[in-house]
Amino acid sequence: MPILTPDDVRKIARLGRLQLTEDEVARFAVQLDSILDHFAELQAVDTEGVEPTAHSVGAKNVTREDVARPSLTPEEVVSNAPRAECNMFVVPQIVET
Amino acid sequence: MSDTITYEITIGMETHAELRTKSKMFCGCSAEFGGEPNSHVCPVCMGLPGSLPAPNARAIAFVVRTAMALHCQINSPTIFHRKNYFYPDLPKAYQISQYGDSPIGTHGYIDVTVKGETRRIGIHRVHLEEDTGKLFHNPGDVSSLVDYNRCGVPLMEIVSEPDIHSPEEAQEYAKTLRNILVYLGVSDGKMEEGSFRCEPNISIHQPGTPLGTRTELKNLNSFRVLLKSAEAEIKRQEQVIRAGGAIQQATLRWDEANGVTTPMRFKENEADYRYFPDPDLVPLEFSAEYLAEQRDALPELPTEKSARFVRDYGLSAYDADVLTSERPMAEYFEAAAKAAGDPKAAANWVTGQLLANLNAEGHDITETKVRAEDLGAMIRLIGDGTISGKIAKTVFDEMFQTGKPPRQIVDEKGLVQVSDEGAIEAIVEQVLAAHPDEAARFRGGEEKLMGFFVGQVMKASKGKANPGLANSVLKKKLS
Amino acid sequence: MNWTTAPAHEIVAAIEAGDVTARAVTEASLERARAVEPAVHSFLLRLEDRALQRADAVDAQRKAGEPLPPLAGAPLALKDNMAMRGVETTCASKILAGWKPPYDATVVRRLEEAGAVIVGKANMDEFAMGSSTENSAYSVTRNPWDVNHVPGGSSGGSAAAVAAGEAAVALGSDTGGSIRQPASFCGVVGVKPTYGRVSRYGLVAFASSLDQIGPLTRDVEDAALLLNAISGRDPLDSTSVDVSVPDFRAALTGDVRGLTIGKPAELYGDGLEDGTRLAVEAALQRYVELGAKVVDVSLPYLRYSLPVYYIIAPSEASSNLARYDGVRYGHRTDKDADLIEMYLLTRQEGFGAEVKRRIMIGTYCLSSGYYDAWYKKAQQVRTLIRRDFDAAFDRCDVLMTPTSPIPAFGVGEKTDDPYQMWLADVCTIPVNLAGLPGMALPCGFSGRLPVGLQIIAKPFDEETMLRAAHAYEQTTDWHKMTAPCG
Ligand SMILES: [Mg+2]
Ligand SMILES: [Zn+2]
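In the order they appear, the protein sequences are chains A, B and C.
Count along the first sequence from 1, add 49, and you get the number used in our numbering.
Count along the second sequence from 1, add 321, and you get the number used in our numbering.
Count along the third sequence from 1, add 37, and you get the number used in our numbering.
Watch out, some of these pointers could steer you wrong.
Said to hold, decoys possible - One-sided and incomplete, this derived list gives chain A residues near chain B with beta-carbon spacing under 10 Å:
# : residue
1 : L64
2 : Q68
3 : V74
4 : A108
5 : V111
6 : R118
7 : E125
8 : N136
Honestly, the hints are just simulated from the structure, not real lab data.
Bear in mind that the values here come from a model prediction, so they are computed numbers and not experimental data.
C-beta atoms are modelled at their ideal positions from N, C-alpha and C, and glycine is treated no differently.
The following block holds chain A by itself, in its conformation from the complex (with noise of 0.2 Å):
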């Protein structure tokens, strides 16, 4: 039984808004489930209450005075835009009302 059907690829890429040929979705079929297949070994360790470590740092609060610095300006801002219109980034119309 794999881990990951095609199905599962199609639905994970989806989720992940990665557009893939019918050929990636094949070969990442076959490749992540044999890396998950690898990955099941850690089903075996006993973790029972051990804590998850997100951070290896141990730092606690580390937060910023709430004072207002100066921002890029509008013309930075969209520098980079594949498209800009009015100091505004442009992206297809969405319909939503």
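Position chains B and C with the ligands against the provided structure of chain A, taking the given hints into account.
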């Protein structure tokens, strides 16, 4: 027959409030409303590769204080998570938020009074996150435009328990909550500008049966719309069920023109947000000292203030509640009461004439030209007999229109009350001479004519005669 | 004096003494790059004019009698995943083609304040995902010791530039070995500092809880010099730690008497290539001769490092790389498309195969229903790995292992099987998972190819690590050998 079935209404409210900080949640850009497009934007809040978040200490303190004011348990440590989804208003493709069991606040409540009955509404959670940017339709093209000025502004999310059981209660919950946030100084509570947003989840079911399917209302920009749309949605759900249909889970908006709720055509959304702890941020751990500091920073909240007004100023509970329903009104009242030296009179003027005039113009108390100190001074003028209560109405209306101080109005218009006994006697004699018949009838025992004579004296004095004095002089002359 | 083979501390001293100008050193470096780039391909972008301007500024400073900063005139190669204001930064990905950041990474600011002369943006595996620099969307960097072999990765361009004499020093980034493994493959020194030691602000994120910037240099003293310049708390990076930054150069005493070196059995297993084993064992023997003590230690949970890493890093990456959506910068599909199609096509066209593979794994591991079984489980085992290190450091001052179980492999040799490629990271990955400082130090050759010793130290104890490395280096000539670039 089925029309007679009554349904129980269940509403949970999700509220988002933008916090009143100087800078954004994770960068130094100004959090101020407005500005030309993309003028409050930096590498961090536009999610440029390589940029990292640095959390705003004041925003954290604001949420801690709010959680305290809502009687929440404060969770420590508490961490930030990433909520992953693709949308152009979300430049990192994730929102930094708080997920799971330990947001800053949980297990709170607020008391809400509807038609004299107070009910306790549970607060499920209070957490801190960041706002998104704004999308505009591009009029010249089949495209949309993105502005990130609001992106990254600190946003507090407050989720109630599904303890609300009527549209009125939902509206009152929202008003009460907003009032608390404004009192705390953490939000300006402007529904129209979108800095305070309420999204009710509504379902109906027959008593004794499981809860119904929920629908969510979005984009409600006033308390009135909140009430109207909740009413309409409940009606819609009842009609669907009575017609034998089933409620579909959906997000709806308010169609003002037709007075109905309509489903939003919605972004494709797999609703798998893949939450995980944000590795760019470290946990927040609140020390006892920190929590004590935040508690000390809490201002007097509406319910406490109302109780104090009753206790210290001898106001009725009703007046006290009206006066504390908004923080600016409470502050106005206290300033006026202090200047007047007569809290009850100040309360009467604020809740009476002032609010009536403001309502007539559709303004609120922060917009009045009448300074609280001037209202107090006017009340003093009544108290020391300089003007009569009747003249005071004229003076007040003039103050309301022009913002002039009462003394100036009184002087300019010569409205000082006549309290000189000789002057009053002269007027009284004039009046009695003009109405010999009535005087005779009075003397003949028709004592209710006293009102007529007082009126005549006031008229002859253009309202300036001291009514008490006029009364006693009249009695003397007519005896 | 050949300025393209000299370490930075000698260059800086010579400029200070007036023996050479910064311009002459920079010109030599640029000249060398022009000569060897066709064979080595270290750089994605060379900044010749900008570098000469910077060098001239250093010379002007000296002429004016001003004190020179510690890296004055040192030619430096910057990995192309660090933002430089106005200079194209691509992470060797098509999806970032043409992106000119409007800001400087904190390390770039600190390096330039320290007088370093940035000569170019170094090639890398796309978004630092890879161990060979073959995953660059633009060019394949070659190993200067044998151009039929890979330089390692993902900081392959940085390592090759230093080994080939195109830059005196370089910065790389290390998420699972991306500084140490290419340093080892190219025969240079590579340091991954303690997580939190160096600001990540401006480092394009791969896996945020693991990424750390560090130096690649010709010798240990240069590594200390660079570390001095880039370390320290940065208010722009909430994970940068507020601990004092010692003068790392002062730690280089040459004395390792009494030092206890742990030798983790798990990293000296069957997969270890013979030449590598010989070189590493010989280095440990040398330490014994220098007065250190070697003890056997066991870290049983290290065997799970690979799956733990390849769950955590792709998970974080899937989130970090979601922002490349064609809206604000970089590539956007030319095809006419609605919003969702625009996302799908932009990302299909912009990302290479390895990046897609990791986005897929990460998206899967974080998705609803799988989070606990994969991501959370991996984070828990990560805790167990950290505890193994804690226990080992109760007994030892440092741990020593091979940096890579094998020397540089052939170009194209491992591109077909991703898991085989990943196995090359087995010695370096645990160090990132535990957030520890680790470094690669040249310790000999296996055939024509360099071998690197890995030294691992306690959190924020880079001083002991560098002291140990330096003491060994003083007794060898490995760091003085020059690569043929052919
Ligand atoms: Mg929210
Ligand atoms: Zn910003």
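Now for the hints, and whether the structure bears them out:
no., hint, result
1, L64, "holds (6 Å)"
2, Q68, "violated (13 Å)"
3, V74, "violated (18 Å)"
4, A108, "holds (5 Å)"
5, V111, "holds (5 Å)"
6, R118, "holds (3 Å)"
7, E125, "holds (9 Å)"
8, N136, "holds (5 Å)"
Hint violations for this structure: numbers 2, 3, all remaining hints satisfied.
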